[in-house]
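J.: Listed below, chain by chain, are the residues.
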Amino acid sequence: MIHPNRLVPPTLHPIDSVNPQMPERYTLSNGIEVFSLSAGSQDVMKVELVFGAGTSHHENPLLPSFTASMLQEGTHSKSASDIASAIDDFGAFLELDIDKDYSGITLYSLNKYLGNTLPVISDLLCNSTFPDHEWEIMRSNRLQKYTVNLGKVGFVAGKRFQELLFAGSPYGTTFDENDYKSLQIDGLKNFYQQYYSPTSAKIFLSGKIDSNTSQLLEDTFGQLTGKGTFLPPIEIPFVGNSFERKQFIPKDDAIQSAIRIGRRLFTKTHPDYFGMKVLTTILGGYFGSRLMSNIREDKGYTYGIGAGILSYCSDGYFYISTEVGSDVCTFALNEIYKEIALLRDEMVSDEELDLVKSYMLGSLLKSFEGPFERMERFKNCHLFGVDERYFQRYTQAIRNITPIQIQHLAKVWLQEEDLLELVVGKY
Amino acid sequence: MKSNYQQAVLFTLQGTYMFYLRSMISYSRFTLENGLKVIVHEDPSTPLACINILYDVGARDEHPDQTGFAHLFEHLMFGGSVNIPSYDTPLQEAGGENNAFTNNDITNYYITLPAQNLETGFWLESDRMLSLAFSEKSLEVQRSVVIEEFKQRYLNQPYGDEWLLLRPLAYKVHPYQWATIGKEIKHIEDALMDDVRAFFNRFYLPSNAIMVVAGDVKHDEVKRLSEKWFGPIPSGNRPLRDVPSEPKQTEARRLTVNRDVPTDSITKVYHMSARMDAEYQAQDLLSDVLGRGQSARLFNALVKDEQLFTDVSAHVSGSFDKGLFVINGRVKNGVSPELAEAGIQRVIDDLLANGIPEQELIKVKNKAESTHVFGEVSILNKAMNLAFGELLGDIEMVNTELAKLHAVTSADVLKQAQNILREENCSTLFYLKSE
Chain A
1 MIHPNRLVPP TLHPIDSVNP QMPERYTLSN GIEVFSLSAG SQDVMKVELV FGAGTSHHEN
61 PLLPSFTASM LQEGTHSKSA SDIASAIDDF GAFLELDIDK DYSGITLYSL NKYLGNTLPV
121 ISDLLCNSTF PDHEWEIMRS NRLQKYTVNL GKVGFVAGKR FQELLFAGSP YGTTFDENDY
181 KSLQIDGLKN FYQQYYSPTS AKIFLSGKID SNTSQLLEDT FGQLTGKGTF LPPIEIPFVG
241 NSFERKQFIP KDDAIQSAIR IGRRLFTKTH PDYFGMKVLT TILGGYFGSR LMSNIREDKG
301 YTYGIGAGIL SYCSDGYFYI STEVGSDVCT FALNEIYKEI ALLRDEMVSD EELDLVKSYM
361 LGSLLKSFEG PFERMERFKN CHLFGVDERY FQRYTQAIRN ITPIQIQHLA KVWLQEEDLL
421 ELVVGKY
Chain B
1 MKSNYQQAVL FTLQGTYMFY LRSMISYSRF TLENGLKVIV HEDPSTPLAC INILYDVGAR
61 DEHPDQTGFA HLFEHLMFGG SVNIPSYDTP LQEAGGENNA FTNNDITNYY ITLPAQNLET
121 GFWLESDRML SLAFSEKSLE VQRSVVIEEF KQRYLNQPYG DEWLLLRPLA YKVHPYQWAT
181 IGKEIKHIED ALMDDVRAFF NRFYLPSNAI MVVAGDVKHD EVKRLSEKWF GPIPSGNRPL
241 RDVPSEPKQT EARRLTVNRD VPTDSITKVY HMSARMDAEY QAQDLLSDVL GRGQSARLFN
301 ALVKDEQLFT DVSAHVSGSF DKGLFVINGR VKNGVSPELA EAGIQRVIDD LLANGIPEQE
361 LIKVKNKAES THVFGEVSIL NKAMNLAFGE LLGDIEMVNT ELAKLHAVTS ADVLKQAQNI
421 LREENCSTLF YLKSE
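For the protein sequence lines, the chains are A and B, in the order given. Going letter by letter, the first sequence gives residues 1 to 427 in the numbering used here. Going letter by letter, the second sequence gives residues 1 to 435 in the numbering used here.
Just so you know, these hints were derived from the structure itself, not from any lab. None of the values given here were measured: they were computed from a predicted structure. Where is the CB? At the ideal position from N, CA and C, for every residue including glycine. Treat the hints with care, since some could be wrong.
Lysine to aspartate or glutamate pairs mimicking EDC-like chemistry, simulated, CA-CA at most 16 Å apart [said to hold, decoys possible]:
no.	chain 1	residue 1	chain 2	residue 2
1	A	K299	B	E140
2	A	K145	B	D260
3	A	K268	A	E388
4	A	K145	B	D311
5	A	K299	B	E136
6	A	K379	A	E33
7	A	K251	B	D260
8	B	K37	B	D220
9	B	K304	A	E134
10	B	K304	A	D132
11	A	K152	B	D260
12	A	K366	B	D216
Residues of chain A clear of chain B, computed beta-carbon distances all greater than 10 Å [unchecked claim]:
no.	residue
13	D97
14	D176
15	Q194
16	F230
17	K246
18	P250
19	Y317
20	R389
21	P403
22	V412
So these bits of chain B aren't anywhere near chain A, every CB distance computed over 10 Å [what the hints assert, rightly or not]:
no.	residue
23	W163
24	D195
25	F203
26	S245
27	R254
28	K322
29	L351
Only chain A is shown next, with the shape it has when bound in the complex:
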């Protein structure tokens, strides 16, 4: 048997274009905007109703969150267990999600049962009753789970990090045990009345769609009346906040400490957004990143470390996140700062930058696999104030960025004195 020459890698073929399929848009007769993306060969469907009702819409972030969850706990005609059965009987899945800006009712259904499952969703939306009995069970169970989460350094760090970075902003609202106890069901009902109405939804439909699907959607949602319209994201002015740069929450029995380092940044529309995507990928956005190579693959301090940027409708942030052995926490912090300084002090090599560019383009390509993923990418543009040419601009920006620009961004955005450092656990 002849061995191939294993010292010569196969020729690489660059990814020449990423041209994702975009959804069609139309409106139902009552004005609800629908985005519809047909793809895939499996007879399945994802139907997502999105509302501008995220946790930033109330001073107690638990209130919007409980409101979303309580939607499946009872309607005028159905009990909580009726609703669960109505979904499960047809093999469907119901998810009630919330983030800072939006909340969503998501249905995954086999196409053949869509006529059975869609009406359940419209019932939740129009006729939820927030029964006292279910509310008390949910509140006390969630509170109990919250106390379990307080035993996890990662949970405590993630929560506190957000509160500190966004203190004074609706994105930095905080909660504790008392906020669970002080919530009143009437508050949830009012929030529901104010934010959930058929006409304040946008509908995102993905899967194998045919004309029958559109008709079903029209029949189920197009005739409903409501008073609201889809709320545009709230404009949140940038409130400067001040805190001690270094924060520590002790946990004496921790054998690992959670580290979060970061700062506030900006939304997806900022001119430096794409550049910061590339910069933070180099730092900690893939397996071969500098932080992974150093902290994990060279020192063995951690199972994983990552960095990146995330954005909301009106704000955003940069983060580094890891859990490291408590005994090596100080060393790990030093190495993290060393890697950040290196990005400011030295230009990234062409070789490393080319690798990151290839990785990012491949990753982008992969992120469009299948109808649900494609819709998710579109939705994350549309709801966050950027148009669908975002991906063309993103691809161009990745291709064109230079080592000088990367270093410049590091100098502007990654100065050590601007970075919040939070450790939960032990030093």
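With the hints as your guide, set chain B onto chain A.
T.: Coordinates of chain B only, in the frame set by chain A:
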């Protein structure tokens, strides 16, 4: 798992991957002279390709004094191979991503990359099947990484060690008595380079592997690339598995521990069938009737009606050898664990006494079908399922599993409940808050 970097983990350790796919999945197959089995699934609807390589070795193949080794070894597979110093760098240059996982039965490696760079994947995977670099530095670092993984997932989390306690309670002889991460950190600390070499030479052979190539690929091209890159690798002797079978449990086992947690937790595990046994599907559906989701019996009775638990569910482990049927719940604060456990027993007794109405069985079958079809959306899922089917000796199960589920009757499920859900077949763990 190599890394927790990518959060989109497709399969949990506990058998979710046992839900196979429904509508016909087409595939072709060939075997190289050295014994490597290759399966091709063409799906031109994607610009991607994936390569999934399953090695027939898991934690059950470890020596009792050297546990956690299969998983540690999985990490070392990324530490450079004989001709290629870095595995990840060329793959990233090709726009690809990879990960791997180990469980008690198998070790599975997967790559996704743009289809035009498929050959880069063949080059990388074949070189590490040929031989590793066996770098001391890599061993030293990955020992530390895995120890940190041990801490992060099992020691520094509330209830993290529940399964480290349950496995040796339920299994007295079979190697399922230890978790994939290993019995204790010391076993990982003690791993030596000689052990690493021996493990590679014994298990990482073409004749002990199954490769699935899926996506925008063509059978003939996959065959050409397989022969070119994998064909010259020596076959080796496929290792024989000699795993002791677990004797029948004859009396109830109980363990109570006290830990610094805010809430009591109860887990009951019952011995059940192996993945390929005829009654597996009925047992799987039984776990759904009792404990899958918010319309299931345990949730309705014990979270909603009686409010003994904040959460309670059931599932099956789906392991290749005889597995576990698991019921787990977090007890509501203020409720005694004995009272909560009695609640679980009442739900079981009711099922044993009154059976399962047809409509309820249809419900769990619909859910199973739906899970299958949604699983077909990803090429990587399809590739993994083809590999599991081939290893289990029936690749066609990707297309026949659903018919087996549909054939199950209420009487079958009741019979399995009678077989399994007996206290003398059960190990119970009370994981209680310290006073």
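J.: Run every hint past the structure and note whether it holds.
T.: Against the structure, the hints:
no.: 1; hint: K299(A) to E140(B); verdict: holds (9 Å)
no.: 2; hint: K145(A) to D260(B); verdict: holds (15 Å)
no.: 3; hint: K268(A) to E388(A); verdict: holds (12 Å)
no.: 4; hint: K145(A) to D311(B); verdict: holds (9 Å)
no.: 5; hint: K299(A) to E136(B); verdict: holds (13 Å)
no.: 6; hint: K379(A) to E33(A); verdict: holds (13 Å)
no.: 7; hint: K251(A) to D260(B); verdict: holds (13 Å)
no.: 8; hint: K37(B) to D220(B); verdict: holds (15 Å)
no.: 9; hint: K304(B) to E134(A); verdict: holds (8 Å)
no.: 10; hint: K304(B) to D132(A); verdict: holds (13 Å)
no.: 11; hint: K152(A) to D260(B); verdict: holds (12 Å)
no.: 12; hint: K366(A) to D216(B); verdict: holds (13 Å)
no.: 13; hint: D97; verdict: holds (16 Å)
no.: 14; hint: D176; verdict: holds (15 Å)
no.: 15; hint: Q194; verdict: holds (27 Å)
no.: 16; hint: F230; verdict: holds (28 Å)
no.: 17; hint: K246; verdict: holds (22 Å)
no.: 18; hint: P250; verdict: holds (15 Å)
no.: 19; hint: Y317; verdict: holds (18 Å)
no.: 20; hint: R389; verdict: holds (20 Å)
no.: 21; hint: P403; verdict: holds (17 Å)
no.: 22; hint: V412; verdict: holds (27 Å)
no.: 23; hint: W163; verdict: holds (17 Å)
no.: 24; hint: D195; verdict: holds (18 Å)
no.: 25; hint: F203; verdict: holds (22 Å)
no.: 26; hint: S245; verdict: holds (34 Å)
no.: 27; hint: R254; verdict: holds (23 Å)
no.: 28; hint: K322; verdict: holds (29 Å)
no.: 29; hint: L351; verdict: holds (17 Å)
The structure fails none of the hints (numbered hints given earlier).
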